[in-house]
Amino acid sequence: MAEFKPNIVAIVCNWCTYIAADTAGTARIKYTPYVKIVRVMCSGRVDPQMVLWAFRNGADGVLICGCHPGDCHYKEGNYKAYRRYMLLKRLVKQLGIEEERLRLEWIAASEAPRVKEVFDEFVEQIKKLGPLKLREEVIENP
Amino acid sequence: MKYAYYPGCTLRASYPHVDMSLKSVFRVLGVELVEIDDWNCCGSTAVENISEAVSLALSARNICLAAKISDTMLTPCTECLLQQRRVLYIMEQYPKVREKVLKVLEKVGLEWKPVKVVHPLEIVVNDIGLDKVKEKVKRDLSGIKVVPYYGCLITRPYGSEHPLYPTSMDELFSALKAEVIDYPLKTKCCGATLTATGDERGLSLVYQLLKDAKRRGGNVIVVPCTVCQFNLEVFQDKISTMYGENVSIPVLYFTQLLGLALGLSESELGIDKLLVPFSISAR
Amino acid sequence: MSKEKPKVAFYWCASCGGCEEAVVDLAEEVLKVIELVDIVFWPVAVDTKREDIEKMADGEIFASFINGAIRLSEQEDMVKLLRRKSKFIIAYGSCSYMGGIPALANMWNRETIFNWVYSESPTVMNPDKTTPKTKIEVKEGELELPLFYNTVRTLDQVIEVDYYVPGCPPTPQVTKNALLALLSDELPPKGSVIGALSKSVCEECPLNETKPDKVLIDSFKRLAVTKIDPEKCLLLQGIPCLGPVTRGGCGALCPNGKMPCTGCFGPLDGVLDYGGKAISFLASILDVPPEEDAVLKAIENLPDPVGLVYKYSLARSLLRGRIIKKGGGSE
Amino acid sequence: MSREEVRIGVYVCHCGTNIAGVVNVEEVVEYIKKIPGVVVARHYVYMCSEAGQNLIKQDIKEHKLNRVVVASCSPNLHENTFRRAVAEAGLNPYYFQMANIREHCSWVTEDPKEATEKAKMIVRAAVERVKYHEPLEKKKVEVKDKILVVGGGIAGISAALVCANAGKTVYLVEKSPSIGGMMSRLDKTFPTLDCAACILTPKMNEVASHPNIKLITYAEVESVEGFVGNFKVRIRKKPRYVIEDLCVGCEKCVEACVFKEPKFYDEWSFGLKKRKPVYIPFPYAVPRKAIIDPESCLYLKYGRCKQTCVEACDRNAIDFNQKEEIIEVEVGAIILATGYKFIDVSKLPQYGYGKYPNVYIAPEVEVMLNASGPTRGEIILRDGRKPKSVAIIHCVGSRDENNKKYCSRLCCMAAIKLAHLIKERTEAEVYNFYIDIRAAGKGYEEFYKRVASEGVRFIRGKVAEITDVALTPEEEGKLIVRVEDTLAGVIRRIPVDMVVLMPALEPATGVEEVSKMFGVSVTEDFWFLERHPKLAPIATFADGIFLAGCCQGPKDIPDTVMQAEGAAGDALALVSRGYIELEPNIVSIDPEKCSGCRVCVGMCPFGALKYNEEKGVTEVIEALCKGCGTCAAACPSGAIQQNLFKDKQVYAEIAGILAVGGE
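Chains A, B, C and D are the protein sequences, given in the same order. Quick note on numbering: the first sequence equals residues 173 to 314 in the working numbering. Quick note on numbering: the second sequence equals residues 1352 to 1634 in the working numbering. Quick note on numbering: the third sequence equals residues 18 to 348 in the working numbering. Quick note on numbering: the fourth sequence equals residues 534 to 1196 in the working numbering.
By construction, these hints were calculated from the structure, which means they are not laboratory data. One or more of the hints may lead you astray.
To be verified - Here are the computed lysine-lysine pairs in the DSBU-like style, where the Cα-Cα straight-line distance is at most 30 Å:
(1) D:K672 with D:K937
(2) B:K1589 with B:K1539
(3) D:K1148 with C:K228
(4) D:K956 with A:K247
(5) B:K1454 with A:K300
(6) D:K672 with B:K1539
(7) D:K1049 with D:K937
(8) D:K1179 with C:K228
Working from the sequences, and respecting the hints, build out all of it.
This is the structure:
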């Protein structure tokens, strides 16, 4: 059986994690190729629909990254993100998706090494859980 | 508070009086010491040159036995302490070595179970706390000029204090109203085993320590380490003649002086067994 | 019956029958309907047979109103036939539109449902472990029985649907609007929801005016143990009312009855996944410190998010139901 | 959406070998070609080059492209470049999307195959997304033509003067009672050894007298609101208990103070000298006005004092009832020049600072050498002796795994300068203990050579400890420096009379609050983070806020002044334009869908959403919208959409980036 290459999307804030990821690049910090970044202006823009949509489109895991509490470029967008995340996690779990497949992390613009840390670690976790198989289990199995 | 007690060969053979002071002090401070049943050598000896796995396994065994009594193990001998902490570190950091050690343990039917290894000084300062100690003081140590000397084994590399400038004994004895001397050599080398061969280089190190302690007006050196206590105590006459300068000064294990503050008698604390006599009445 | 009148069919799949009632609830309006159309097929009220439909030419039926979700092979079969024969297929009511209450069964699969219904359930006595079969021997020969699918599907997951009429059940007003929309000269764009509003329930809700500038609350409460102020927006009282996220057109029936909206009309056009959006707005209005304990405290009374936000729309949701890995049983 | 057929052009940049060296660009292009809507897909060595941009412009014309995707570096670098190119070809610049396959792919991925796969997905996402892009207009906002400078050190002073000379009003806020900062403590500056006071004081006075500069000393910024071009700043000015307009700095009050002898810690001299409760910070302080310290003044502390100072002041400048005042200003740009401080070396016991009286830190010695210092420029030990031998220790806390890992940059040259000055004034034997001498700068190496040739000793080795424990008679009564001389390969014990420590630099106190208040990011060492280490070393990620001097990282005076004047340039460029164009990523509400449920209103911390009673819908106040999109995520009916981040666009991007293989 071929090695499982997780398909992961990270929806990240433009002001912290996106910059951190840029800096990680400039510093040539090597990390997993399986996490792909989608940028939003603020983690507060992250709508739970986006996360469900990602799972529906074959994501094995979804990361949401924003500024540390108190550092939000828009004051409190990251707080909104956190509250939605907490309730969404409950929903997702009920729908048979392991909580660990959805994660929220605060990564400041200065924390380039944390990008590697978080991404690599998340990929490892998803590898442990294996593929999500949403289509096989539900959608293509009427 | 209950601790698994590991005396080690030093306190059993060469320093029974430290052992005495320790037990009496902790009795007064309400700390229960349960000696580990059938404990063996800590392995910080020649055995290491023969087999690392065995030398580690020796301490590993003691740790497993300790685990049966408490989750914390008390080791007054800093040589043993270092070895045990080293084992804990290696078992966590080096899976390959860990495997070897586990095999050895398996042979003696033991399952690896790490415990916290602490030094009596850490118990007094951290677990009990100076406030509690103060409550128990029977007579203060005012008038005694204490030179706290820590050496290297409890400070490096696994120490809980500043590796170059520990202060726990300074704080302890200030709390007991002694006059504590800021001793810049507090973590310098005591000569360790260099002295065993009577080597001049070893003795010169001891000489510097004693000399500076006296120069700063100290009238007693307190140590948390029996190796230091040995080196600082045993060679005083020899050094005095060697350098034509009287460097004699009593060297107490810290519990011995602490014991006096707690109102224990000099014999209960084995102070009468010291090579360089010390008496609180002569303050 | 004059031939010019457009032919209309009603059919009933996995549903409670409420939608059939809804048609009847048109009361004397029904007569008006009959003046306008010729009902050619309506198992619940008119004695017609499958053959009658089969005999018809393709597209002969002007519109088929199909309620209920797709649970059985027979239902799939029947709607495919109606699709062939009809010009327009109208998914009538929340079940055919979004899966409705029956779709909550998607939290389990066939295996776990059968286990429960035919053996585990405490009220069941089934010593010889009989479970539904698709074939059965009787003396007349072998009979074929409908297959119970693994999941419940919406009508448009089985056949092409032209319009949707929401509601559990659709109110007489909505039904009437829908009919008129269909019979009007310019038809609404294909795939649109007809008969209801393009704005949320709040639009029609008398309590909407009681809101302050900012709609923020400190926690959600359980309806059963909360004293409701009938003059105040339920949301503001911590009751998870889904009015804001639900399509209006019902006349805010539930809020008018001092009960929270549970979302039977489904999402508005701009919304992709009803439940996801509901989660988003419910969590958004929580004004609590962003610490784990605080947030958990605030949502402790929402123990069953799926039951709350997918009550009528699980089959239409992005995830369709619960992922049950091999050997996974019911919760 | 009914729209004309989309015709997409995709351009994959090699960025020399930065991308093409890892990612197989041909393969990416081949893959992208297959995606519906893609009309042309090319790869080119440098898309940002003139030629690269022309490629896009031609294709737009020839192939009637109406969408463009460039896969290259981070949008933070070149998004605007390409938007401009697209616009120049007559297309709306927002029909463009950038795919970051350098910072987020080629530079961070080991395996070329994986990198290529990832690149495909990143570009695919951009292609899927751009299909849903819509034409947008940038919003123009008027810019206040005033500038705020925070910090009155040489950085703040230089920046303020440039801005003021350009005719703009500048508010210069300084925390302490006088401007001048660290430089005001120096006697001479390296490598030219010209007198610090002689070059600094004229600038300080110019600041004080400049018609365009509003100098606000003994004050701190309390809050910052608004955004680029329109900052509202509240400044809290602490009471000085002396009316600045009346005080002429005659010091009569100081003489008259009931404390006959100065006995309080003097901030300017790092406590080397003492001051009275009423004092003038230092002889050439600006403003040269007295100040009364409420902590030591008897009247202010206990309400009981003869108030001899009040009598002494013939101008009645002393006012014990002075209250702190809040000054509100509106500015278009902000320059942060909050500077640095030295680490607390007493935390490094091996150096014996605070234990041995003759161990000094460099700033103390600078003050000592200063002609207006406590010793009038003489080097005199605390015990009154003149040192015959002095050890200067480099890298105290710098380049140190247990402290600051970074190089503090100015210490090497400062140490060499101190060595020279000390030798000059005491004829003492001077030793420098260093790890490496870092003399990168105009005339620096020459200066190092010169001082070395003057007989100052340089010993390469990190000092292990300073001790007073003598082993030999000649060590008696001295401080002994224990060090490994790594050139000679021996352990040395060098007895000296005086030790000078060169402490590491760290950001000034309160930097965390400042960074939060101004919304400026910081590095892990809390230096302010510049927008780009090379191409935007002055700007920050907070538009309209610029950095000058050591708040961004350790710097010597030349570099500080350079950056300060650069910052002034950036600030002037911004405010002189008179307006700025805001990214159009604000939200809009579809009144056809909005039911006025008001869930969104509570989402906006900027009050940009307002419920319209009679229309029964909520409306956006565009000027206030900062474009975070939090309300869009919350809007239960999907009536709120954020430009550039519409639901459809984000969904398309997510679906695109997840699409496995050639699906």
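Tell me the numbers of any earlier hints that the structure contravenes, in ascending order. Going through the list in order, the structure violates hints 1, 4 and 6 and respects the others.
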